[in-house]
Each structure stands twice: as C-alpha cells, then as structure tokens.
Amino acid sequence: MTGAGVAGAAVQVAAVGAGAPLLVGWMRQVRALLEGRIGSGVLQPYRDLRKLARKQSIVPEGSTVVFATAPAFIAATMLVVAATVPTVTVASPMDGVGDLFVVVGLLLIATVALILAALDTGTPFGGMGASRETTIAALVEPAILVAVFALSIRANSSNLAAIVTATAHRPGDVLTPAGALAFAALVVVIAAETGRLPIDNPATHLELTMVHEAMVLEYSGHRLALVEWGASMRLAVLVGLLANLYLPIGIAGAHAGAAGLVVGVGAIAAKTALLAGALAAGEVFVAKVRMFRVPELLAGSFLLGLLAVTAAYFIAPRGA
Amino acid sequence: MTTGRCHPRGGSRRAARVVAADELAGQSRALLDEGHRLALVACHDDGGALRCVYLFLAAAPERRVELHVHLDPVRPEVPTLAGLSFPAGRFEREMHDLFGVVPVGHPLPRRLVRHPNWPAGWYPMRRDAGDPPPFALDSEPYPFLEVEGTGVYEIPVGPIHAGIIEPGHFRFSVVGETILKLKARLWFVHRGVERCFEGRHAEDGVELAERISGDTAAAHSLAYALAVEDASSWEVGEDAQRLRALVVELERITNHVADLGALANDAGYSVLNGHALALRERMLRMNEQVTGHRLLRGAIAPGGVRLRALPDLAELDTIAAGAAEVARNALRNTTVRDRFTGTAVLSADDAAALGCLGVVARASGVPGDARVEHPMCELPVATVVHTEGDVLSRFLVRRDEVAASVELVRELCARARGRTAHTADPPGDAATPVGGTGVVEGWRGTIVHRVELADGRLTRVKVVDPSWFNWPALPVALANTIVPDFPLANKSFNLSYAGNDL
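As they're listed, the protein sequences go chains W and U. With our numbering, letter number 303 in the first sequence gets 303, and the count goes up by one each step, no holes. Just add 320 to wherever you are in the second sequence, counting from 1, and you've got our numbering.
These aren't lab readings, by the way, just hints derived from the structure by calculation. Be careful, since some hints might not be right.
Calculated Cβ distances over 10 Å to all of chain U for the following chain W residues [as the list claims (entries may be wrong)]:
no., residue
1, Gly36
2, Pro124
3, Ala269
Part of the chain U face toward chain W, derived, beta carbon under 10 Å [claimed, not checked]:
no., residue
4, His390
5, Asn585
6, Asn800
7, Pro804
8, Asp805
Covered stretches of chain W (in silico footprint by chain U; criterion: 3 or more residues with CB under 8 Å from a CB of chain U, positions within the stretch not fixed) [claimed, not checked]:
no., stretch
9, 69-75
10, 289-300
Remember, predicted model here, so these are calculated numbers, not experimental data. Using N, Cα and C, we set each Cβ at its ideal position, and we do this for glycine too.
Next comes chain U alone, as it looks inside the complex (with noise of 0.2 Å):
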C-alpha cells in the first residue's frame, strides 16, 4: 500500500508510505542501507488511535520518505530500531513518555523526557490527557550509573549554574581530575511546545516557532514556514527563499562571532570576549534594521518573506574582519591554542553512528550541510569541514564558516536586486489532513519541522533540534577529558536546552 505524493518543488522527491508494523525495521533498514538517515519520528494521536511517522532524509539526489505506522489503539506499540539508529531508539523513548508508545524490544527503556516526578501512566501528548494530575516527588529513581573503584567520586553539578545559562545536570564519575563518565540530564525546560502548536492557525504558528529557541528564531522560523508551504502546495519563489537564507545567515554569524570569543573566554582569555561581544551588538544592531528586530523575529512566515532593508555590507565586511582578528588573536595566544588543540575529542565514527548534525559533525570531519543536501533554493555554499573532532575544530568550523556567511550574504544582497518583500498568496484550504516537512540548516545543524495540517489549522507539529541529535555526542567526546576542560568542551559544542527539552 503505497501512496506517493510529488513534491511540490522541483528537484526533491517525497513519497509517504503506511507500512504495518513488522515491516518497519525492514523497511527502515533498507532506508538506512540507501543513505537515508533518520531525520525525524513524531507520533500521531488521530483520536482514537496513534500513528508514528518516520522521516529518513537523503541527500544527492534530494529525497524525503515518510514511513507512518498506524498502531494497535489498544496496545500502541511498535518495534524499535534501536538497534537500526541510535538516534531511533531516543525518538522511541520520547514517544514512549509523551504518547505512551512502548517501543517492543528496546535496549533501554527508560524515561527520557518526562522527570521522575511526572506521574506514571500519563501522557501529555496524548488528546484524551487532560489537565495534568499533581505531580508528586520522584516517583522513579533516576537511574545515573554508579562508577566504583579506589578515587571515584561524583561531582554533581547544575541544573542551576553560577552562570545566566539554560539549566541542564551533569554528573560526572571522576577519578583525580579525569571524566570517566558523564551523565547529562535535560529536560529541565520542557515546555510542551509541540501542544502548543496544535489548534493554532497555520499562519499562527510562526510565533511561537520562533521562540522555540532563542537564539535561533530565523532558522526555527523558516523551517517552520517550509513545513506549511510543503503541506499546503503553497508556492513560494526563488526570489523570497534567497531572501529567507539571507536572514538565516545573519542569524548564523550573529551566534558564531559570540561563540568565537565565548570560547576564548572559557579558556580565561576574556579580552576577546569583548571584543566579540561588541560584534555581536553590532549584528544585533543590523539585524534590527534589517528586520525590524535584534533576533530576526517577524521576518519569515509562511508564504513570504518581509525585510525592512537590505544588510549594509560595508558594515558586515568590517564585523567579519573584526571576527577573524577575534580568532587569529586566541589562535595567536599558545595557552589558548593549548587548551583547544585535542581537548574533548569526537572521533568521525562516533559522530556518524550518533547521528550528529551542524558544527559538530563538521568539526569530526562529517560533512552534511541541509543548504546543499536539501535546498529550498540555488545557494552557492562553501562548506566547511575540518576533521580533527576537538575543541579547535569546532573553533575553526565557527571561524571559517562566518568568512563563508558573510560571503554568501553579498551574494544573496547581489541576487535580491533591492527587493526586500515577496508574499506569495495562500492556496486554499485542503479539508483532509496533509503533512509538510521543512529542512534548514540553522547555526547549530540541520533543522526539521513536520507539520500535519486539516482546514488551516495545526493538528501536529514536530520540532526536531540538531541539540536533539548532538547531545548524547557531548558525553562520549568528554570521555577521558578532564574536569577543568567541561566548559571548554561544552561550550565548543554550545547547544540548546530550549530547542533539545521543547
């Protein structure tokens, strides 16, 4: 039982196939076996009965398959791929806590999303849930692996921090000063996003899509909007797309010029926090002109796209110069080349089998980039890729790929001939439910949205974070790194909370 749909624009395939549930590992194996990978996988509550939807991606040429599962409405179980994909076997644990969705034969499963403290047996995502029953103390313990042996010792840290940052836990298992084991626990700002999508308005929605994590408002956005217009044949020119990756740009140098000198901060070199942070004001400043606001909010919804000016480039040349001065200055220091050179090491393998997307797979040698493998539109990217998988590398990617940025923002400011708005008008409304998927390739990493759709309005949206995918890579680089060098490491991989706890 096949029913395929064409996408809507040229260049990129995408078929959605129901499968029963003793054919999905096959079928997903036989994906994977192709260079798809697992890009996404959101359960449905239809009312009555769920239904899970898997999204493999491939690249070269552009293809986008969906597998939907529909389940058992008494027993909703389907079999895990965990063994398949390791990110697989977290989207099985994810819909095991919200929708209630027992992943058959899984590894490890545990609760994931849902704290101890939440009660056992209730679903938030579920339609039926209701109104949320009172949360008692730990009703589960959380199951932090206990390293034993002479000099052991945990340090527990977080989830509040000295610093104004998001609040995660992290326990280490140390012995001296070297990291056996760290366990991070997240989930701490899970503010049932997803929900609150559902019921909106289409057009609606791109608020609160931009404040799914705020330091990437434009990406989110965007992703966002591609879902819609994917789901509703909305038609949107190349004119408005080169217009939306101009402001994704802007967003991805704003957040790499703070993390230039974020990272040189962290190893004690605070002048050129300054500095960089004065860079930083700069782009917020010039985002505000260019959209209206400092974070690029309001500037992409679906349908459109809507600037109040163009970038100044003279501008943008001197912050860009300004950003390399950044880095070859930390880069000059030999304590601060020290600190990064082959601290918290990701090894390419280890990046691949996790599923690691964005700046974090580059810096492992992983190339993978959602503005080539999964264009909305004809963009002429350079990508980044360096190979050594430390902290210096994902130094490096940052550095190299604000050169490229602010590159590709001349070329797009070239190709917009002055125009800053396009809209594009809405189709009408289809009254039967249809999804969508966006890809952008945000600051972090690769970005999906899916959206199902029925009578405008949102019946599901699904937000994947390439957080999502590059947590888990933050333990198994810190292995065997030591104490001192966490923030270090941390910082180097810098992801959201926000958009990984939704």
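Bound-form chain W, shown alone (with noise of 0.2 Å):
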C-alpha cells in the first residue's frame, strides 16, 4: 500500500461517485444526436438526481426494511466496486481484494439486493422484474468470469490490477484470438448487466417489457435517486474495467505523484467517453431481442469467453 495508491483510490471513488451520471447523460446524448433528436444535455442526470433527492420518499405499504435499504446497499456496494476495480491506479489499497472473482461477486451482490427490494414490494412488477433479472443475472455472471479470466491467463492472476498491469507491459498481448473473443463477449455481459440494448430498453415506458425498470418502479424520491445513481456507477466502472484491460494507457501507478493521478483520472474519462460513446452509437442500429432470446444471446457471450479461454491456453503470445 503507498501513499500514492491510497489516494489513487480516492480518486476512482470521487471520479467513478462524481462522473458516472454524466456518462449516462454524455450515452443518452450520443443516441439523440444520431437519431436526430436533440436531447436533453448530458447533464440531465444530475439535474434528475437533484429533483429525485428533493422529492418525497413513498414506501410501498408492507414492505420491509429490506426495500427502503436496499438503495443505500447498492450504492455503497457501487462504491466498494470503484475502489477496488484499476481505472484510475492500479495500486489501489483494495489490491488484496481487488480480484476478479470478488469484484463480479460485489456486482452480483448489488444485483440480489434489488431483486430483493423488487420482491420485497409484493407487486407483480416487482416480482416480474426480479424473476426475468434473475434468469439474466444466472447467465452473465459466468459469461463475465470466463471471459475475463481468458485474459488473466497472460498475467498468471485473477486480481484485475495485475491483468491490468501486465497488459500495460506488453500492450500487444491482447490482440490476440483470445482477446479479441473476451472482448466481443464482455461487450454483450456488459449491456446485460447494466440494463442497455438489445436485452433492456432503459428508455421504455412499457412496463410489461421492462427488466431493470420494472424492479424499480415502486422507488421515489431520494430512495430512486440512490438506484439510479448505483446503477450508472455500475455502467461506468464496467466501461472503464473494460477500457483499462484492452488499454490501460495513462493509469497511475503504485509511485505516481499528483500529476499522475490527473493523468489517470484524464485518461480514463476520455477512454470511457469514447468506448461509451461506441456503445451507445451501436445501440441505435439494435433492436430490443425477444425475452426468450436474451438466454441464447448470453449463453452466445459465454461461449465467446470459453473460447476465449481456450485459445488463450492453446494460441499463448510469445514469451509467455
């Protein structure tokens, strides 16, 4: 642990905490531009958790504490998640924890905390909500280990900062076969599990399709807040997780001083634009796929992983 790390940690918190909702609205930006529309700004998020945060709270009547807590658990956990993971520094003091199979444990926690919440309200939505997460959640937790996994072969670790910092090392390795399938599946796990295109429509009103929305429909006020603000720091520690395994250029490392940290906190974001950007472009030319469908598609990403896997044993770069 140094110095340098502690406050690189700060940092990834502050900037993961801070910047996230402002990723959400820079993706809800880029799709309006592209569809022609001209969009509500990329600050509208904040300006929503504002008006979320001002607004009285409702509770459904004979929920538990498990739903009027469930929004804080899932930020904090959020929290823990954007320490741990290397965006800004890879030498965080989360290191001895910061593992692969510990990070998408935190994720699936945060995920079980809301299906409880959804199940908690009683309402057939909730309920609805939580049935179709679940069966989401079961396929791309595995879907998101075996593919990054395919990468931390190379690195001899499952902890992400010594993939991250191997990959650092020798930017060239990921572009191998394995790299490339680990990364066509993480794409996929990814807007699994943050709720995007082509499996949840973020932008539906119709409640009967909605997966994320329709686990969080009985929320209000600063309660919503909380959900809405841990799901877009989902997004973007996700982004950035997968931004900083294919090109960690510009993280701090163990030593860095302050301008290292701006370095880090610099490059991140303009990675995570960028690649965020990609994404939501590519989500104007998807459409939602059949609820039956998602099974296929995400058993699909997990197979890319497991190839992923096997081609990172059987075709290993040189000298590894």
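Dock chain one against chain two, each of which comes alone in its own frame, and use the hints as you go.
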C-alpha cells in the first residue's frame, strides 16, 4: 500500500461517483444526436438526481427494511467496486481483495439486493422484473467471469490490477484471438449487466417489457436517486474496466504523484467517453431481442468467453 | 309488415323492416346466411317505449337492412342473438347497461359499459334517467376469471400507464412469461358521447363527431355527415364525395406512418420512431394547409366539404418515400423482424368470427373495406390483404396502405380539377323521425354511424368505431404470447379506447 495508491483509490471513488451520471448523460446524448433528436443534454442525469433527491420517497405498504435499505446498500456496494476496480490507479489499497471473483461477486450482491427489494414490494411488476433479472444474472455472471478469466491467463493472476499492469507492460498481448473473443463476450455482458439494448431498454415506458425498470418501479424520491446513481456507477465501472483491460494507457502506478493521478483521471475519462459513445452509437442500430432470445444471446457470450479461455491456452503469445 | 325505403344514392339499397321480437332471431339468421354482417345495434327511447334497431350490411351488391323491434314498455326484453353473432352479444350487453334492455337467454349477461361503481338500476341513456345518483364504491365485484395452477400468477396493468396513452386495465394470467389469459377492462373514458348528440341540430353534431376519437376526426365526421344526409335525403355530388375521401386518406396516411415508427419503437428500435414522427409532423402540417386543422377537423360537414387547398403532391411523395424507407429499415433489422414474425397471431377464422374490421382483419386474410363494399363514390381502391395474422402482417398492411393511399390521393387530386369546396343545399326538414346510416372506412377500419332526425334535430346517434369489434380479438391473439411482447401486439392492433368507450 502506498500513499499514491490510497490517494488514487480515493480519486477513483470520487471520479466514478461524480462522473457516472455524466457518462449516462453522454450516452443518451450520443443516441439522441444520432437519431436526429436534440436530446436533453449531458447534464440531465444530474438534474434528475437533484429533482429526485428533493422529492418525497414513498414506501409501499407492507414492505420491509429490505426495500428501504437496498438503495443505500447498492450505492455503497458500487462505491466499493469503484475503489477496487483499476480505473485510475493499479495500486489501490483494496488491491489485496481486488480480485476478479470479488468484483463479480460485489456486482452480483448489488443485483441480488435489488432483486430482493423488488420482491419485497409484493407487486407483480417487482416480481416480474426480479424473475427476469435473476434469469439474466444467472447467465451473465459466469460469462463475465469466463471472459475476464481469459485475459487473466496471460497475467497468471486473477487480480484485476495485475491483469491491467501486465497489459500495460505488453499492450500487444491483448491483440490475440483470445483477447478479441473475450472483448466480444464482455460487450454483450456489459449490455446485459447494465440493462441496455439489446437485452433491456432503459428508455422504455412499457411496463411489461421492463427488466431493471420493473424492479425499481416502486422506488421514488431519494431512494430512486440512489438506485439510479448506483446503476450509473455500475455502467461507469464496467465500461472503465473494459477500457483498461484492453488499453491501460495513462493509468497511475504505485508511485505516481499528483500529476500521475490527474493523468489517470483524464485518461480513463477519455477512454470511457469514447467506449461508451461507441456502445451508445451501436445501440442505435440494434433492437431489443425477444425475452426468450436473451438466454441464447448470453449463452453465446459465455461460449465466446469459453473459446477465449481455450484460445488463451493454445495460442499463447510469445514469451508467455 | 314491411316499410321499404329507397336509398337516395344509386347502386345501394336500404330496407327497414319492423319485426316482432320472436321473429328477430329467424330474420337475423337469414340475413347473416345471405352474407350480411351485424354492423350496429342501437336502442332508442321513443318516450314511453323502447325500440331496438339492428343494422345489417352486405357487399356486392351493397345492401343495408335494418330490423326494428319494438319492446314491451313494461318489460323491455329482446331475445338474444349472442348465439348467432359474437358482436350481437356485446351490443346486447351495452344496451342492457345503458337502456336496461334485458337480453333474454344471453350466455354472459354481465355489465360491459357500466363499471361496478355505477348504481344498479340506473340507465343513463333513457330519457327519464335524470341526473346520476351518487356513485358508490364497487357495488358488484368485477368477475375476473382466476386461472389456477402451479406457478400461475396475475399481473394487473393500468388503467394508469407509464406512458401517455388512454386508460385501460389489463389483467394477465401468466405462467412464467407465457400469457394464459388476458382480460381487458375498458370503458374508463365513457363520456356519454351518444347522449351529448341528442337534441343538437343536425349540422351542429359534426363538432362532436370529430371528437369521438381524436385521431379519427375526418372519418368519424364523414360517417356522421353521410348518416345525416342519408336521413334527410340530402343529395351530395360525386365531386364532393371525392374531396371527402381525400381528407380521409390523408388521415389514414398520417396515422399509419406514425404506427410504422411506433411498432419499431416498441421493439426497442427508436431511431425509426424518430423518423416516423418527423414524417407524421410533415403530414400534420400538410393537413393544416389542406383543411386549416392539423387533425383535419372542420373540413367535412353535412351537405358538403371545404378545403383550403389541395395537398402538395411533391411533399406527399417525399413522405411516402420516407415511410417506405422506415418500413424497409425496420424489416431489414433481423431482431425487429424476429420480434414481429409469428407474434400474436390472429387466425382468419377467429377474425371472421369476432367480426374484426379494418387493418386487423385484413392482416388476418379477411378482406373487407367499406370504400369498396359501401362506396359513397367510385374510387380506385386497392385493398391490401396479408394473411399471416401476426404483428408483421399488421405492419405490412399499414406499410402497403400508406403507398396505396398516396396513389389514391394523387388520383383524387387529379379528379378534383382544382375545386376545393362543395356545398349542397339542405332539403326541408321532415317532421317525422327518419333514420340514416353512414359507413366509412377510417384508418382503423369501418366506422358506422346511424342517426335519427326529427325536425332537423338529432333524436339519437349511434356510433360504432371498428375498435368496438376489434378489442375482443386482442386477448384471442395474445393467448400463448409472452408478456414482454404484449406492448408490441397491442400497438400492432392500435385500437381506440375513446372510440370504443364512447
């Protein structure tokens, strides 16, 4: 643990926490412009959060502490994930637990918390959304594990910081069949994890097609703000992680100074904006797949990940 | 006892017969066997006694037959026709709710229009109904059929929805994601439109007709105008009828274009919705140029039609090309195509048995188009039919109808020879009550109005929007569809709540 690492982790949390709504706004704005709409501006998510934070929060009759506390729990979990995942620095003091399995586990904990909260409301929509989310989560988590695992083989470690460091030292290593397969798998998985097209439509107002939105229908006021904030952080962390797994340029090392951290923040912001912009642009051209096709899509993603692992063993880069 | 009356326009014939209650079923069966369909059933309070009018329509040659049944003033009862015709059973329930006419032998004699909180025994369409008594909480429970079994659960949706749409309550019985049964409960927007017509001067009713269903202003106003003209033997020339048809075609294009984009949007492909909405906006602006109103109000009135200009055909061609592009891009996207294909199939048999009309029927291979079957003037109409009965077919019918309508508009503009207004002088008012019918193919399907006039004032107007016939088809088509496909299926039907609830 170094001073730079502690500072880096703090910066990471702050950057993800503060920047995540901007990322969501950016993706919406990219879509709007590509679809020929004016859009509501990249700052709209902040305005939404401010509005929600001021509003009254209503709790359904008969719901328990699960419903009341899940939003805070989700937001807190996401902040821990933000501290752990190497976005700004590879020297986070959380490095000891900064393991691939821990991060996936934390993401799943947040998902499960929301599922339980949705069931806790006792409404059909909560149950319906929870049932759908469970189906998706059960398929997404193995796929994300396998895909990142393919990248970890090179680094001989499932520690995310170690993977990123290894890539930073030899950036060409990700340009392998294994790397490409894992990238494709990760893109699908991230879309599923963050409730985006073609799996879920974050912009829909059709209750019956919702997955994530169905689970949060009963939330209002500051609780909804926390849920939305948590969801945006999940998006930011996953996109940031994908960016750094493949292009760790500018990430701060264990002995980086303040300037290194500034560069780290700037680099991850630029990379995330670029990648998120590309994902949003891609979304314009895809429609939402039929619910029963979602497992096929995610199984395909898992298969890609599995192929990536296999390829990583058989087609090892030179000197590995 | 038969009183026949010649239809004022050539080629169409209309007969009105007074029949006794016990002859009704036999005569109706004979008419249905001859190829008629039951298009409208209206009850009338003639002051003291009730009278039911059953309007049957048939095509090739065009026929309109009315059966009038006078009811016992003390015990208003009619023998049910529910066994002969599914729509008849629903019309009878409506009459029961609004007039207190008891359909004897009805298999499902429960409330339809009146929600359970309406006081029992109060029939709002009767002349002596008076002011509504206080509405209680639900006095009768709404009989949702409960589906039982392992893993079956219910999803109640609405009447307030997350988007800005009309109110309707849907109750899904679901196992997993598969819909076992859907019950749609409507009539949240029952405004008493038919009652509002009563007592108005015939020429003042058109404003109300335009507002029956906001997106169908032109077709409803035309059906109303035709009915009034029919009742008062008001002769309107072919030139005027063609200009009226032009307005209805503009309405068809406007709504179909929006639907093409909305269907893609419900499959999560919102970029096409953006384009379609831009096209719709251009149509609305053209509508304003043509009629002075974006929703085509004010152009059609009994006795004539008044436009400000003929549509800009070059602009119309651009819009048609844009609509074709939206449809092409939607179908080129494999995910959208997959979502559309085989979703919410309505078989031709079911569509015919339920009496479906318009886009929904034509997508299930049941041709039927009032522009051909009940023409008000000679029109070169190409009826579009697709046979699969799924969301894709309903999408394709709309796509092809936009193209066909644009062709028709071009033809109508050419034949208009630059004239934009026609007015026929009204005939003198008949003192005795006379009835008239108007049949129009609106963009959703066949609209039928039946009016009765006495001294130039409306004594009764009965409105039948195609949505009335098509709503029962939605749950049928949705059996074994999955819940997340419901919005797409619902949008592909795109039925009017206001036009149904009246």
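Given as covered by chain U, does the stretch 69-75 of chain W meet the bar of three residues or more with CB within less than 8 Å? violated (count 0)
Nearest-CB test (10 Å) between chain U and Pro124(W): Answer for Pro124(W): violated, closest chain U Cβ roughly 4 Å.
Hint Asp805(U) vs chain W: min CB-CB distance below 10 Å? At 7 Å from the nearest chain W Cβ, Asp805(U) passes the 10 Å test, so the hint holds.
Answer holds if the nearest beta-carbon of chain W is closer than 10 Å to that of Asn585(U); otherwise answer violated. 9 Å, holds
Interface hint compliance - Asn800(U) to chain W, C-beta minimum distance less than 10 Å: 12 Å, violated
Residue count check for the stretch 289-300 of chain W against chain U: does it reach three with CB-CB under 8 Å? holds (count 5)
Assertion that Gly36(W) lies outside the chain U interface [Cβ separation over 10 Å]: Violated: least Cβ distance 5 Å, not greater than 10 Å.
Hint validity - Pro804(U) Cβ closer than 10 Å to any chain W Cβ: 4 Å, holds
Looking at Ala269(W) again, its CB stays over 10 Å from all of chain U? About 27 Å separates Ala269(W) from the closest Cβ of chain U, which puts it past 10 Å; holds.
Would the hint on His390(U) be counted as holding, given a Cβ-Cβ threshold of 10 Å to chain W? With a minimum Cβ separation of about 48 Å from chain W (threshold 10 Å), the hint on His390(U) is violated.
Of the numbered hints stated above, those contradicted by the structure are hints 1, 2, 4, 6, 9, listed in ascending order.
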